[in-house]
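*Asks:* Chain by chain, the residues run as shown.
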Amino acid sequence: MNMIRTLLSGFLKLYQKFFTLLGYGSCRYYPTCSEYAKWQLETNPSLLRALLSSAIRILRCNQLFDGGIDYPKVSIRPSGIRHRHHGCQKVRYWFVPDRGNGKWNVIKNTFSKGHS
Amino acid sequence: MSTQMRVVIATVLSLIVFIGYDYLFMPKIAPQAADNNKTAMSAPQTAAQTETAPPSVAPAVSQEPQKPKAAPVRGDTFDRVISTVETTNMTMEFDALGRISQVYLKDRQYRDEAGEELKLFNTPKIPKPLEVRFSDPRLNDLAFKTPYSVSLSSVTVDGEPKTITFTQDLEGFVVEKVVTIYPDHHYDFVVRLSEPKPFYVSPGYRPDLRIDAYTVHGAMVEEADGTLTIIEDGDAKGTESFRKARIAVAFDRYYATAFYDFESGIDVVVNKDAEENPVLFVSGESGRTMHGYIGPKEHKILMAIHPELTKIIEFGWFTFIAAPMFKVLLWLHTYIPNWGWTIVALTFLIRLILYPLTYKGMVSMHRLKELAPKIKEIQAKYKGDPQKMNAHMMELYKKHKANPLGGCLPMLLQIPVFFAIYRVLLNAIELKGAEWILWIDDLSVMDPYYVLPILMGASMWAHQMVTPSNFTDPMQEKIFKWLPVVFTFFFVTFPAGLVLYWLTNNIFSIAQQLLINRMLEKNKKAE
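Chain order of the listed sequences is P and X. Following this note's numbering from start to finish, the first sequence increments by one per residue and tops out at 116. Following this note's numbering from start to finish, the second sequence increments by one per residue and tops out at 643.
No lab work stands behind these hints, which were simulated from the structure alone. Ideal Cβ positions, reconstructed from N, Cα and C, are used throughout, including at glycine. The reader is advised that the hints may include incorrect statements.
To be verified - Pair ranges (Cβ atoms, derived):
1) I69(P) to I469(X): 25 to 35 Å
2) K13(P) to T583(X): 18 to 28 Å
3) M3(P) to P453(X): 25 to 35 Å
4) T6(P) to Y565(X): 42 to 52 Å
5) P277(X) to I4(P): 31 to 41 Å
6) R99(P) to I570(X): 49 to 59 Å
7) P564(X) to L64(P): 38 to 48 Å
8) I4(P) to V479(X): 35 to 45 Å
9) S380(X) to K13(P): 51 to 61 Å
What the hints assert, rightly or not - The calculated lysine-lysine pairs, modelled on DSS-like cross-linking and capped at a C-alpha distance of 30 Å, are:
10) K514(X) to K638(X)
11) K514(X) to K73(P)
12) K638(X) to K103(P)
13) K515(X) to K108(P)
14) K108(P) to K517(X)
15) K490(X) to K517(X)
The shape of chain X in the complex, shown without the other chains:
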């Protein structure tokens, strides 16, 4: 096997380890452009159908839940806006079926390049948030053909929460939906029926603003015992139900729509649509107040509503380490306004925590030079037998308490930390569009000018230069020398924040090594 070949294999293998999981096990969803096309195609159709009588044919069979209730005729027939709610940070539109048909985010960080407000829903998918479905097919059919009347057609929420009542008269059977909207993206709702009938309410199809192959999107249920069950888009297997769940959330990379109840729990049913994407329904109870959230998965907002609600910020299978890491980052960020410097500070903090270990290593280095003649002796004696040589070297280090090697644990600890930062950068909306300095204006995407990866490669090379190494295998030595180049290419597509972390880490390593080298030098002179 040639050296180049090995380098290539090494690169491929490292790719598998670092991000392979995500690529292999995450469904590849077409980029948003494709979704937009779909919208454009189906929009006129929808409009045409709205003009004419509600069609009783061409039902959207695929998107209906299979078990809890029969098919509605059409979900998107009554899409005219009957009520508009303005809060300080969003605009919410309700359609004629008393459903949330659109949400516009007002905050500056949620606007696109042109300064336009972002819309959470860009494809006409059903169910929409607050969509009610009855188990009785006749009633359900009727409910999807009868528009609601509304108590207020325009509401402004500033400070105090405001309540809107939607009423539907289904041949004497009255459905009343009372929605109380708070200024912080959450709302309460009660559905009252004139006589008890089994029904379901949906928190809606997930927002479709940020769909990509790198991050998880779909639905998640926090069960009664705190277990998080994630059903990714394309992975929904049919009907699954969860009794007394705490949260039912449908989400994309940054935005979510959820129902939650941390006291008495909600009964959740997960269905699948034609694309095997999960669709959430919550079993309804006439007169019961339920809670909902719709908006960005921003830690500060969720924390203010209910600390438990922060669980909807999800970092994939590495959450257990990424979530604490994210908390530390948020804490550092309260002191450092710039996210780039926050990452640098985090790197420094990790180094600081590991410092007692490093210091011990440095102290033992002092004794190393006294051993120089003995080391030479061993090297000469076991020249042809690297195994034996290593064994004797290690024993010599131990005897004189002068082991110059860092150890496997500190090295392996880097891996989860690296992963965690990677996930945080991808999933945390706080880091979307986070600036550092000069050309880096978004730490969550790759460096557009390749400067950081190149600097990172250079720092890696510099670190190799200052670190003494002795290879017994010339082939390994060659691969080792090529690693900085391999890593530069490997880091090119990574989020700039991650490259920044690794670069900073390398610089700290170099500084530390130089310090050690200088100490050794001084000792030599003192002799």
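In isolation and in its complexed conformation, chain P is listed as follows:
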């Protein structure tokens, strides 16, 4: 399972490096569709859901939708993100609770490069 995730993530990275130039500056969202898919693949416990939400995101990425900031949302058990280790650990994603529906917004830690 993890291999599939890594492989897909790798493809996305390749796409972002080269192919994205063919349709340069197309995406109407932040994060871009490819980045969104990457975050989903890396955080969503269900691979199927990760793929599904990424596909739906691409379908939404057209002129009929307004675009804007749209973070991936995932359902994870709170225990999965509780801080267990004391000491320094690099934060890769922030999980921000969505409006009381048990889901979490996934935000990649690109803003501050520090430790938690």
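On the provided structure of chain P, position chain X as indicated by the hints.
*Replies:* For chain X alone, coordinates are given in the frame of chain P:
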């Protein structure tokens, strides 16, 4: 990594995506010249053997089916023509074993440069269409040593179908093959045996007129549930059987020989020959009428015989999108006689379908200029942090409903459309030798003077010129600027029709962008 290096990698990667599949997964067959040599080499041999007694040694072991029946002594011993059938569009020859040994196509579009009629079979491969093989080895041996007698040695089919009866007397066991030929490339046949014996009939080895590495050739079976199983040349794994199949077809790029039955189905066995190419056999039933087709995979002809028969026109793994695309092209072609302009019209049609999206995008652009000061503010504020800058920009666009970007979906939709047109251009016989204007006299092959690819590159460059872009990564910007050049080279070997499609598409994009730019300009002046 240098810029050039990246450009090279980008080219290679795009190649993999666009046509890599075909190159990687399709067997590379030697061009026809090699096949012709083979013919020349083996032809005298065959002739020599025909002169003497039927050889009982040197059997063509490799080409015999393994399971359903024992080996015949030789397949090509009785190759003298005993009956010739003339229809309005083909000449069919039957050999002394009651098999179709050659088919000449009469229609003008199927002639070669010198105006000679094309022959479907150019190598002495067996089985030939309508070849009967018995499971009983002794009987089979005898059947391949005994010539058939024929009811008519020359028939002309014009309008009404004509029937020929082939009879073979195998020491009292009588084989009767009744073939009814229609003027539209299809035929019916019945095999009657004086006493029941298990036997097989073959629709024949595939035609070998157009064999290349770009398109699929081999055999295909449409199973009872409509599943299409393709066994490409070089990929036949041994004996495979299909119960109650609907179609069994052996084909090259443009031509096919098939048996079909859409009501009661046919039991098909696929064997392999020495080159691991598939060889088709259909289980015979004494007295049962079966249907066959031999000729070009032309939509109009197949449609007239039976709409289901059009399934033998196959576009590779992209059929599901290429087939509808082909139908649209055919429909447009009924109004536009020139295939080149038909492709231009198709491009226009696709743009038209996407117009509601484009229009919405254009309207939202109007509001963009009001945001100019705010955009500048964001750009200044987050100068060192492109992530944050992008996030704020997108949110600003959303707030004011003025997103200038097209979106990923319209961009990604282009890919299947592009693929589909590529496959249609390669596989559809209707587009073989299709002209456009001036120097383009065959849209299914590359532009011999490189004019279209160069124009395509130029149009791509022009599109970049009129489209505003802001790169945060200077390296990306450099690669972006080089893309038109990369694409020109990349498109050089593509069928001219595909380059024409992309060129037209670019021109429409430029026109659209200019329109948007003008609207923005007007708004600025109005201020």
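*Asks:* Decide, hint by hint, whether the structure agrees.
*Replies:* Each hint tested on the structure:
no.	hint	verdict
1	I69(P) to I469(X): 25 to 35 Å	holds (30 Å)
2	K13(P) to T583(X): 18 to 28 Å	holds (26 Å)
3	M3(P) to P453(X): 25 to 35 Å	violated (54 Å)
4	T6(P) to Y565(X): 42 to 52 Å	holds (47 Å)
5	P277(X) to I4(P): 31 to 41 Å	violated (57 Å)
6	R99(P) to I570(X): 49 to 59 Å	holds (56 Å)
7	P564(X) to L64(P): 38 to 48 Å	holds (44 Å)
8	I4(P) to V479(X): 35 to 45 Å	holds (41 Å)
9	S380(X) to K13(P): 51 to 61 Å	holds (54 Å)
10	K514(X) to K638(X)	holds (23 Å)
11	K514(X) to K73(P)	holds (19 Å)
12	K638(X) to K103(P)	violated (46 Å)
13	K515(X) to K108(P)	holds (23 Å)
14	K108(P) to K517(X)	holds (26 Å)
15	K490(X) to K517(X)	holds (14 Å)
Violated hints for the displayed structure, listed by number in ascending order: 3, 5, 12.
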